[in-house]
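Asker: Those protein sequence lines, which keep their order, are chains A and B. Counted from 1, the first sequence has number 197 at position 197 by the working numbering; the numbering is strictly sequential. Numbers in the working numbering are just positions in the second sequence, counted from 1, shifted up by 665.
Worth flagging that the hints you see were computed from the coordinates, not collected in a lab. Incorrect hints may appear among the rest.
Claimed, not checked - Quick look at which bits of chain A chain B covers, simulated, 3 or more residues with Cβ under 8 Å:
hint : segment
1    : 435-441
2    : 494-503
Said to hold, decoys possible - With beta-carbon atoms standing in for the labels, derived distance ranges:
hint : chain 1 : residue 1 : chain 2 : residue 2 : range
3    : B       : GLN792    : A       : GLY664    : 22 to 32 Å
4    : A       : GLU183    : B       : GLU800    : 33 to 43 Å
5    : B       : GLU958    : A       : ALA465    : 25 to 35 Å
6    : B       : THR782    : A       : PRO560    : 45 to 55 Å
7    : A       : LEU493    : B       : ASN777    : 33 to 43 Å
8    : B       : LYS1014   : A       : PRO560    : 45 to 55 Å
9    : A       : PHE517    : B       : ASP837    : 48 to 58 Å
Said to hold, decoys possible - These stretches of chain A come out as covered by chain B in the derived footprint (C-beta under 8 Å, 3 or more residues):
hint : segment
10   : 444-451
11   : 519-526
Cβ coordinates follow ideal geometry from the N, Cα and C atoms, glycine included.
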Amino acid sequence: MTAAQLENGFMRLSSTDKVHNPISTRYQRARAGRKGIGRFAAHRLGWQLIIITQTLESEEALRLEINWEDYKIDTNLLDIENSITTIPKRKPEGTTLIINRLRDSWGETQIRNVYRHASSILQPDYLSDRAKDSHSTANRDNTFKIQFILKENDIPVVIADENTMVFNRALSVIEGSVDEKGEGKCSVISKSLNIKELDYKIQNTYLFLRNIHFKFHYFIYDREVYYNGNINKTQLRGIKEMANSSAGIRVYRNGFRVLPYGEPSNDWLKLNSKYTFQSGVTNIPFGNRNFFGFVEIIDTIGEQFEETASREGLIENNSFDDLVNFLTKSLQYARIKLAEKVFKIREDAEKQVQDVNKSFNDQIAYLEENVSKITSEILETNADPAVQERVQKFNHNFYTLVADLKSRYSSLLEEQGMLRVLSGMGLQIGEFSHEITHYLPAINGDLFQLKLLGKDNEQIQQAVASLVLNFTQFKSYTSYFSTTISQNSQRELKPILLGEIVGEFIRTIKPNANRLFIEFEVETRGTDLYTIPMHPSEWSSILFNFYSNSKKAIKKTNEPGKIKVVIGKDDTSVYLDFLDTGIGIKPEYESRIFDAFFSTSDPSEYGDEVNNEFTGTGLGLKIVKDIVDTYDGEIYVTTPQTDYTTSIRVEIPAATQNQLEEYGL
Amino acid sequence: MAFKYLYIDDNNGSSAESTSKSLNATGEISVDYVPPKGIWEDEISNLEKVIPDYQGLLLDLRLDEIPNPTKLKSRYSGTSVAQEIRTLIKNPEKSVKDLPIVLISSQINLENFLDSTGKDLFDYFIQREELTIDEYPIVITRLSSLSKGYELIAHSKTVNELIGLDSLDFLDSRLLDVISEKRNQSIHLLAGFILKSLILKSGPLLNERVLAARLGIDITKSGGAWAKLLEQFDEFKYNGVFAEGWNRWWMLGVLKFWKEKIQYKNTPRDVPASIRVKQIEEKLGIAGLVAAEKAKYCTSENFWTICCATQVPIDTSDGFIIANPEGYYPWQDFVYICPEEALSQLNIKKWKRISASENIRLEALKAKQ
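Start from the sequences and build out the full structure, keeping to the hints where you can.
Answerer: Here's what the structure looks like:
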């Protein structure tokens, strides 16, 4: 500062210096701050302020000392002197502020916090080179570098910003700009994913948007495998934690941070709302937490972007809309590029699983080869009939065993494949039936209006009545799924009260059973029938599987049917019998109906579901058995009560007294 | 003139609009649907401004799920709005009038996001899933009745006017004490008390099923004959505050009816359902009434209440009292489940636990099985 600048800019109350001279002479930068708060801040921090300032041209430095305690109540302001003295130059140019006799005590944590805040206000130097040309403030160059040095016992310690160090570990850097002609380009670079897409044209000309630049550091958490060794699990977890407080897309206008963009709760690009629910679909999570992003706006005269009066963001004008549009499109572009590579990695991982399969076959082949070599050697060299016979016998047993292993292995593979299909379908059904529930009350309301509107028309009344009936049936299915899904949201295992679960099942399934003229009956033999801790939705699976099998078995009799559920208790287990009046199970199939893909040559057999039904995967009862096995339970066909043709029993160990107490039951 | 409700819901588009149109369909009430303002202060200051135009509020429980048309997503719930309105009413500087507040929500959200303190704020709950074609007219009538009831409470000068009785002599004096006390507090406290502690609980007032149980009648099997008998009870029908929304009959009416019209040597409590029905048929000449039958594991036919889970009529000596953590007022009847439900537990969600005092009886019943 020159003497005049020091006097006019700093020492004069209500100075209009910055209004008249908004651009600094030395760096051609927009000057920050117009309200004169800086003086108060200096006053607040310490009792004494010393300013030493010199310009390139000056031969000496100016020194101003202000002792705030001189400003006492009832003192005439004109009596207080703050004289400027000249002293030898300390450095070629620049100003030093020394605040002495601090009012507060300052620990390392406080200093670190101040540093973090101060450096977040300024545009980070890791952003772009363009800023340099436009003279906007940035702590990239020496002209505006923030450095905090803590001196303790005269040993200086530099306090650094740990944030900056993590960015080189990003999975990908997405960077782009709109130039002075309005052309928007975007680049996606990722070393670990081997992506280098440069200057993809997002839009030829933006009408309003000019001179912006952005750089987003992108992370996928918990998937260190994507980083190709560039990061380890712990480091990635550290970044994930850091993301909770400091991830997001920040905006810097002329070098200074604009709030609230990029604050933890701010979602100005609608990333969270748009992408949160897609995580399972593409495996490219695109929430705010995944980005450490910086948008730089260079707009020295403020013709594009203006901050709102309350300093709570930018006025959402045409330029702002353009900006959101540009960033959104750039992100979409980046997402496609990333998805392609990530998908490849996942595919490779799956291939590895297949390689394991291959190696199973290889190993078996290897085993066969060796065994055959050894046995033929023995047969050739040893003529003893006893040995010959034993070897022949061994050979026979060995090859039977191998054949059995092979077939078991291949059916396991088939089962695994089908289970994958089923679980995928389950997810989709879950999503679908959740969406549907939103419309139910509205549809009901429309039906009600329709009924009122057509109250004088017999035909409309009939149509409405039929619509209501059909809709009720339809709802019976969706409500079943909603129940199961709401149970799924609860992951905790707990002792299951058989009565409660059966009651709920019957209430949901009743409308469907009524339509098919199937009667339901429940018999309880005993109270407080608690299983060991299980998942409620597992019982939904068991009961619904039984029900759909019974339904089919009853349908094949061409008569209205009955279903009965009996629940009870033995010494150490609780049981549930599921009975129906369907076509029954042939004794020879009783033990096999729980096998995967069990089907008989006779298509009119219980449990047959392979051939004609869409839902028929041949896995229904197998899944039930898997659940029961998990809990050391038993499942088997029993002799039905009179009037019934089929009865299947599930036994599950009963909850112990300790377990019940543990769960407060 | 139709009562006006303001309906705030974040389920944008057709869903909420359709619900509000349907609630408007009969003309009994008129519902204005608006999305949440998104900003708490705006919401409340707007409500302060518009509440004089309305006689009721209908609030979605979760207002924070979907952004409004100006893309603002609110961070507050229907419960916090209701709480604020109830607080504003008490502020003498603000002239916000007391009005019914009704909650509309899905079952899952009600279970997961509403606690008992929240429940006290609302006069009535609508579960979205239960808004079926048959339920709409009932809900509409109840909303209208709530508004009418609030006005009646505000303008009534005596308890007689409020309860719709000429004489209060036969009412439990403790009930009258609480009513007098609440009248001095606020409209919604009195409204909530009458609705939740008198109308919705058996005691001085009975609902149709309990009334039928006390007369020994099987409603479904009796069909038209029951409707005919019910006409005889018109003079005992409750016609006080909220009567339009909830059909209730005075218990005293049952006794009076029995004494004056049936003139039998024993009170109905002392005779089995079959005799009650026979007497009614004979004395009134109504044919086709069918007596209710004993439910499984029951020993008495002197039905006096119903099972809260399965709705079957039972004698209190067969039923099991359920635990009621909120406690009973002295004028209220206990709530029971039938023995079959106590054993099977098929509807345990509705009753949760039986009262500890009934454990010995339940063990005895189990031992018999």
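Asker: Give a verdict on every hint.
Answerer: A quick look at each hint next to the structure:
1. 435-441: holds (count 5)
2. 494-503: holds (count 5)
3. B/GLN792 to A/GLY664: 22 to 32 Å: holds (27 Å)
4. A/GLU183 to B/GLU800: 33 to 43 Å: violated (60 Å)
5. B/GLU958 to A/ALA465: 25 to 35 Å: Cβ of B/GLU958 to Cβ of A/ALA465: about 32 Å, so the range 25 to 35 Å holds.
6. B/THR782 to A/PRO560: 45 to 55 Å: Since B/THR782 and A/PRO560 have Cβ atoms about 50 Å apart, the given range 45 to 55 Å holds.
7. A/LEU493 to B/ASN777: 33 to 43 Å: Because 19 Å falls outside the window, the suggested range is violated.
8. B/LYS1014 to A/PRO560: 45 to 55 Å: violated (30 Å)
9. A/PHE517 to B/ASP837: 48 to 58 Å: Once the Cβ atoms are compared, 50 Å apart, the range 48 to 58 Å for B/ASP837 and A/PHE517 holds.
10. 444-451: holds (count 7)
11. 519-526: holds (count 4)
Against the hints set out earlier in the document, violations occur for numbers 4, 7 and 8.
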